[in-house]
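2 protein chains.
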Amino acid sequence: MSYLRHVESCNRFDPSRFLPLLLAGRRVGFVRRDSAGHLEAFPHIFRLSADAVTLSDAIDGPTAATEALDEATDGLIRAGVVKPRRNERFAVTDGWGGRLLFELDRGMIEFFGVRAYAVHLNGWRSGADGPEFWIAKRAMSKAVAPGQLDNMVAGGIGAGYAAWATLLKEAAEEAGLPEMLSRHAHAAGAIRYRVELPDGMRDEVLFVYDILLPPDFVPRNTDGEVDDFRILSARECLRLVSETDHQFMYDVNLVLIDFGLRHGLIVPEEPDYLALVEGLRGSLVRGDA
Amino acid sequence: MSYLRHVESCNRFDPSRFLPLLLAGRRVGFVRRDSAGHLEAFPHIFRLSADAVTLSDAIDGPTAATEALDEATDGLIRAGVVKPRRNERFAVTDGWGGRLLFELDRGMIEFFGVRAYAVHLNGWRSGADGPEFWIAKRAMSKAVAPGQLDNMVAGGIGAGYAAWATLLKEAAEEAGLPEMLSRHAHAAGAIRYRVELPDGMRDEVLFVYDILLPPDFVPRNTDGEVDDFRILSARECLRLVSETDHQFMYDVNLVLIDFGLRHGLIVPEEPDYLALVEGLRGSLVRGDA
Numbered sequence: 001m002s003y004l005r006h007v008e009s010c011n012r013f014d015p016s017r018f019l020p021l022l023l024a025g026r027r028v029g030f031v032r033r034d035s036a037g038h039l040e041a042f043p044h045i046f047r048l049s050a051d052a053v054t055l056s057d058a059i060d061g062p063t064a065a066t067e068a069l070d071e072a073t074d075g076l077i078r079a080g081v082v083k084p085r086r087n088e089r090f091a092v093t094d095g096w097g098g099r100l101l102f103e104l105d106r107g108m109i110e111f112f113g114v115r116a117y118a119v120h121l122n123g124w125r126s127g128a129d130g131p132e133f134w135i136a137k138r139a140m141s142k143a144v145a146p147g148q149l150d151n152m153v154a155g156g157i158g159a160g161y162a163a164w165a166t167l168l169k170e171a172a173e174e175a176g177l178p179e180m181l182s183r184h185a186h187a188a189g190a191i192r193y194r195v196e197l198p199d200g201m202r203d204e205v206l207f208v209y210d211i212l213l214p215p216d217f218v219p220r221n222t223d224g225e226v227d228d229f230r231i232l233s234a235r236e237c238l239r240l241v242s243e244t245d246h247q248f249m250y251d252v253n254l255v256l257i258d259f260g261l262r263h264g265l266i267v268p269e270e271p272d273y274l275a276l277v278e279g280l281r282g283s284l285v286r287g288d289a
Numbered sequence: 290m291s292y293l294r295h296v297e298s299c300n301r302f303d304p305s306r307f308l309p310l311l312l313a314g315r316r317v318g319f320v321r322r323d324s325a326g327h328l329e330a331f332p333h334i335f336r337l338s339a340d341a342v343t344l345s346d347a348i349d350g351p352t353a354a355t356e357a358l359d360e361a362t363d364g365l366i367r368a369g370v371v372k373p374r375r376n377e378r379f380a381v382t383d384g385w386g387g388r389l390l391f392e393l394d395r396g397m398i399e400f401f402g403v404r405a406y407a408v409h410l411n412g413w414r415s416g417a418d419g420p421e422f423w424i425a426k427r428a429m430s431k432a433v434a435p436g437q438l439d440n441m442v443a444g445g446i447g448a449g450y451a452a453w454a455t456l457l458k459e460a461a462e463e464a465g466l467p468e469m470l471s472r473h474a475h476a477a478g479a480i481r482y483r484v485e486l487p488d489g490m491r492d493e494v495l496f497v498y499d500i501l502l503p504p505d506f507v508p509r510n511t512d513g514e515v516d517d518f519r520i521l522s523a524r525e526c527l528r529l530v531s532e533t534d535h536q537f538m539y540d541v542n543l544v545l546i547d548f549g550l551r552h553g554l555i556v557p558e559e560p561d562y563l564a565l566v567e568g569l570r571g572s573l574v575r576g577d578a
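Protein sequence lines correspond, in order, to chains A and B. For the first sequence, the working numbering begins at 1 and goes up steadily by one. For the second sequence, the working numbering begins at 290 and goes up steadily by one.
Isolated chain A, as found in the complex (with noise of 0.2 Å):
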């Protein structure tokens, strides 16, 4: 058995790899060294060099630092180094409820290694056997994690939602709750990592929900990111988390850790037990230096 080597490798990072991007003097991201050079290309936005990025000092307030990340991405796209838009605005901001420093395409967040925010909700019923969770099975064509094992509902928070709005909104279309009942999911805290990936740095809080559903309530979903829904139990769940690695999509294990510490399937008498509830919560606000 073994949890922690989710936490483990949902951070794993080599500071190395990545130059800070900075912004009026502080870091907002990451960058990698191997993929700066592109930005050499935008001089009148990224002054490089040996040890940062840096956001030009003429970029003067979130409209024009929006504007200018919207050229560069433009051209990178056109240049085949990043992929195309996905046209869903993420808002890079001083923390989370900070003020904006800009907006960027969901597609960018990761070449920029900017933190993001997302919520996701364990849909559960009351099994004999205890908590049973509503899984879904990501669409196979999903642009990250095609075809893995998700939590029922999941969404990035994008510019301009509130994280229970966005709660609201992913519940309808990801799982067709109606809002009489997705109104009583509940917040049930907040899990952090930051992991290298193929395109740069991903720099996450997912905001965690819980739901306790109706026997009888089915999810359909209704936007196509999602092929099936099935009944797995808790227990069933948390051994998969601990015996694979790919089965769910490599966030969703800290959630399912996470459901399991709350709801008492993971005990203190487990010896990784404090490094997991520590490890799911690291630097969480501040981000790291």
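Keep in mind the hints are simulated off the structure, nothing from the lab. Owing to the predicted nature of the structure, the values given are computational and were not obtained by experimental measurement. The C-beta atom is built at its ideal place from N, Cα and C for all residues, glycine as well. One should not assume that every hint holds.
Straight line, CA to CA, 20 Å or less: simulated EDC-like cross-link-like pairs of lysine to aspartate or glutamate [what the hints assert, rightly or not]:
(1) B/431 to B/517
(2) A/169 to B/558
(3) A/169 to A/225
(4) A/137 to A/243
(5) B/431 to B/514
(6) B/458 to A/269
Stretch by stretch, here's where chain A covers chain B in the computed footprint (C-beta under 8 Å, at least three residues) [stated by the list, open to error]:
(7) 447-459
(8) 468-480
(9) 554-565
Given the structure of chain A, go ahead and fit chain B onto it with the hints provided.
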């Protein structure tokens, strides 16, 4: 509203006022600089320097370390430096679940600033306006925080006890829970804090448990440690947490905030949300350098 000040006040600690307590080259505790002089009376046990208190290299193994610290405890009590023994043994270990370093009378935990472990049980039931807690009023005879409000069940984990065994024992003694009922409690996470106190330093991990109680259950104290029990809605408890400093014993504020985070009474739209989630779990595993 300010939940965060409880996280801050439970983590007030000025390292410059303390010396690390070293055993075999590792820090196992902290001794107040202005108390360390009292240890000069035991030169065969402690070596004092300008920057550390070191347990003598001649003390080999947990039995010898326990005997040496017992001798020092008796001497410090005779000299009036510390209060009489509590006659309850705590195990100081190489991390949770790790090997025993020594046992220590509970009354000396703060003097030596060693890591201690406790269990706290949120006894709750479902009310018209959300969760309601059974809240204990600590007996006026308690050594710590007499008359303050407390979780239904709370207690330190003594040497030789597991977390779960401590929970069952304390639930029976403090609130009269028969094991048939208390075995429905479930682990729900852990909280860590480290704070300067008049006697030294408290470095504690609280293993948090929840139990959803039947509506007709009424707790009944059997060990004299509780004056009475009362029902308070979770929202009213969180109002008291946010607006008062001494209604609840200090660490109980953290347990109630944690319950609020897990049960959706404190939500991501709260500006301090991530600071709370992270602040309750700082440095659970390693302690601090």
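A quick look at each hint next to the structure:
1. B/431 to B/517: Between residue 431 of chain B and residue 517 of chain B the Cα gap is close to 13 Å, so the pair holds against 20 Å.
2. A/169 to B/558: holds, 16 Å
3. A/169 to A/225: Since the Cα atoms of residue 169 of chain A and residue 225 of chain A sit roughly 14 Å apart, the hinted pair holds (cutoff 20 Å).
4. A/137 to A/243: holds, 18 Å
5. B/431 to B/514: holds, 7 Å
6. B/458 to A/269: Distance of about 16 Å is within 20 Å: holds.
7. 447-459: Three-residue rule met by the stretch 447-459 of chain B, so holds; n is 3.
8. 468-480: Coverage by chain A holds for the stretch 468-480 of chain B (6 residues, Cβ < 8 Å).
9. 554-565: With 8 residues in contact (Cβ-Cβ under 8 Å with chain A), the coverage given for the stretch 554-565 of chain B holds.
Consistency with the previously given hints is maintained throughout, with no hint failing.
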